[in-house]
Amino acid sequence: MAKIKGAVVVNKERCKGCELCVVACPSKVLALQPAEVNDRGYHYAFMQNPDACIGCASCGLVCPDGCITVYKVKL
Amino acid sequence: MYMDINDIIKPENLVYTKPRLMNDNPMHYCPGCSHGVVHKLIAEVIDEMGIEEETIGIAPVGCAVFAYNYIDIDWIEAAHGRAPAIATAVKRLNPKKMVFTYQGDGDLAAIGTAETIHACNRGENIVIIFINNGIYGMTGGQMAPTTLEGMKTSTCPYGRNVALNGYPLRIAELVERVDGTCYVTRQSVHTPASIRKAKKAIRHAFENAMAGKGTSMIEIVSTCNSGWKMTPVKANQWMEENMFAKYPMGDLKNV
Ligand SMILES: Cc1ncc(C[n+]2csc(CCOP(=O)(O)OP(=O)(O)O)c2C)c(N)n1
Ligand code: SF4
Ligand code: SF4
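Top to bottom, those sequences are chains A and B.
Residue numbering for the first sequence is -15 to 59, as defined by this note's numbering.
Residue numbering for the second sequence is 590 to 844, as defined by this note's numbering.
One chain only, chain A, in its complex shape (with noise of 0.2 Å):
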């Protein structure tokens, strides 16, 4: 069976940390940064664990500030 990988790239100053991201991932793989952050003063989301990446994009449809960009492989 073909394996896929993924990856996600977050823009840490668009992202409020509202933690959509985080709960529709169904890999675990992102968090929101525990003490960091950003210019605005969010806690931004971040890949706490990107081996489990799918690049499945659900966290990207959910995030309303357009904060994702996905990347997949199929290997």
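Source of the hints: derived by calculation from the structure; they are not laboratory data.
Note that CB positions come from ideal geometry on N, CA and C, so glycine has one too.
Be aware that one or more of the hints could be misleading.
Stated by the list, open to error - Taking CB as the label site, the calculated pair distances span:
hint	chain 1	residue 1	chain 2	residue 2	range
1	A	Lys(-13)	B	Glu666	47 to 55 Å
2	B	Pro600	A	Ala36	20 to 28 Å
3	A	Val21	B	Leu758	36 to 44 Å
4	A	Lys(-13)	B	Thr702	53 to 61 Å
5	B	Gly748	A	Ile38	57 to 65 Å
6	A	Val21	B	Lys818	18 to 26 Å
7	A	Val(-7)	B	Asn614	14 to 22 Å
8	A	Ile38	B	Gly755	15 to 23 Å
9	B	Gly755	A	Val21	40 to 48 Å
10	A	Val(-7)	B	Asn710	29 to 37 Å
Unchecked claim - The calculated lysine-lysine pairs, modelled on PhoX-like cross-linking and capped at a C-alpha distance of 25 Å, are:
hint	chain 1	residue 1	chain 2	residue 2
11	B	Lys607	A	Lys58
12	A	Lys(-13)	B	Lys823
13	B	Lys835	A	Lys12
14	A	Lys58	B	Lys599
15	B	Lys835	B	Lys786
16	B	Lys786	A	Lys56
17	A	Lys(-4)	B	Lys599
18	B	Lys823	A	Lys12
19	A	Lys12	B	Lys786
20	B	Lys607	A	Lys(-4)
Since the structure of chain A is provided, determine the placement of chain B with the ligands on it from the hints.
Structure of chain B with the ligands alone, referenced to chain A:
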């Protein structure tokens, strides 16, 4: 097999990004607000249909008053509730243009009810995108005609009381009965699956308008997490558990 993340993050592997027609202006919406998701879908549909030069949006009064700042098409800003009247004029004077309104429930279901129903009844070849979050978001969370029974807002702090305030108004059911509408549907944007469905609905409505089939209304049951005083994640759950019973998902009319 090990793969470096930089081998994945390459243009040829791109599967999702911010819509081309959504510009880089930071949106003023609260974190997690449904408005942003719907804006993305509209921008994608316009881009995919190749009609960015032909599309004119009519923005409301309400949180989405600044929609013109975020989607790079032509816009007109209407007075509160009057978007369907403006859309009527724009479409009649420019019949080849794709004209849509974008309105909240304070705008569409309170001050603009008459304009909405009459535009639908005339069968204007426009699309009405109706964001029903059950509250007046912009002005600080007052009761709307769509506020649920028992739901607390700043003007009904003990919950909406139907004896005093009447029943939640179901706009989609009203305009479904009017002869000029060709497509009336209720959608949401709280999960990846619902977002994909809502996008298809918007596309279908836009195609109806271009084909001159009459008025299409897409009601999108939405959250206003600030007004509801919940986190965005909790607001989506609350919407599913409470709003969907009064405002059920799906097509009401598709002719
Ligand atoms: C003629 C007029 N009356 C009242 C107002 C005040 N006002 C501004 S926004 C709004 C309601 C907005 O609520 P809604 O349409 O639900 O949009 P939301 O902000 O929730 O997206 C009201 C009553 C106004 N701007 N103009
Ligand atoms: S693309 Fe899918 S698997 Fe990867 S982070 Fe986003 S939601 Fe999770
Ligand atoms: S959904 Fe978007 S704005 Fe919200 S936390 Fe995720 S990346 Fe940030």
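Given the proposed pairing of A/Lys12 with B/Lys786, does the C-alpha separation stay at or below 25 Å?
-> 24 Å, holds
Would you mind confirming whether the straight-line C-alpha gap from A/Lys58 to B/Lys599 stays at or under 25 Å?
-> Satisfied, since the Cα-Cα distance of roughly 13 Å is no more than 25 Å.
Has the hinted range 29 to 37 Å been met by the Cβ atoms of A/Val(-7) and B/Asn710?
-> Violated, at about 48 Å.
Is it true that B/Pro600 and A/Ala36 lie within 20 to 28 Å of each other by Cβ?
-> 23 Å, holds
Return holds or violated for the Cβ distance of A/Ile38 and B/Gly755 against the range 15 to 23 Å.
-> Once the Cβ atoms are compared, 48 Å apart, the range 15 to 23 Å for B/Gly755 and A/Ile38 is violated.
Holds or violated: B/Lys607 to A/Lys58, with C-alpha atoms at most 25 Å apart = Since the Cα atoms of B/Lys607 and A/Lys58 sit roughly 23 Å apart, the hinted pair holds (cutoff 25 Å).
Straight-line alpha-carbon gap A/Lys(-4) to B/Lys599, limit 25 Å | 19 Å, holds
When you take the CB atoms of B/Gly755 and A/Val21, is the distance between them in 40 to 48 Å?
-> 44 Å Cβ-Cβ, so the 40 to 48 Å window holds.
Regarding the pair B/Lys607 and A/Lys(-4), is the alpha-carbon distance no greater than 25 Å?
-> Between B/Lys607 and A/Lys(-4) the Cα gap is close to 14 Å, so the pair holds against 25 Å.
Straight-line alpha-carbon gap B/Lys835 to A/Lys12, limit 25 Å | Violated: B/Lys835 and A/Lys12 sit about 32 Å apart, past 25 Å.
B/Thr702 and A/Lys(-13) - C-beta distance against the hinted 53 to 61 Å | 55 Å, holds
Please test the hint of 36 to 44 Å on the beta carbon pair from A/Val21 and B/Leu758.
-> Cβ of A/Val21 to Cβ of B/Leu758: about 41 Å, so the range 36 to 44 Å holds.
The structure does not agree with the numbered hints 5, 8, 10, 12, 13 stated previously, though it agrees with the rest.
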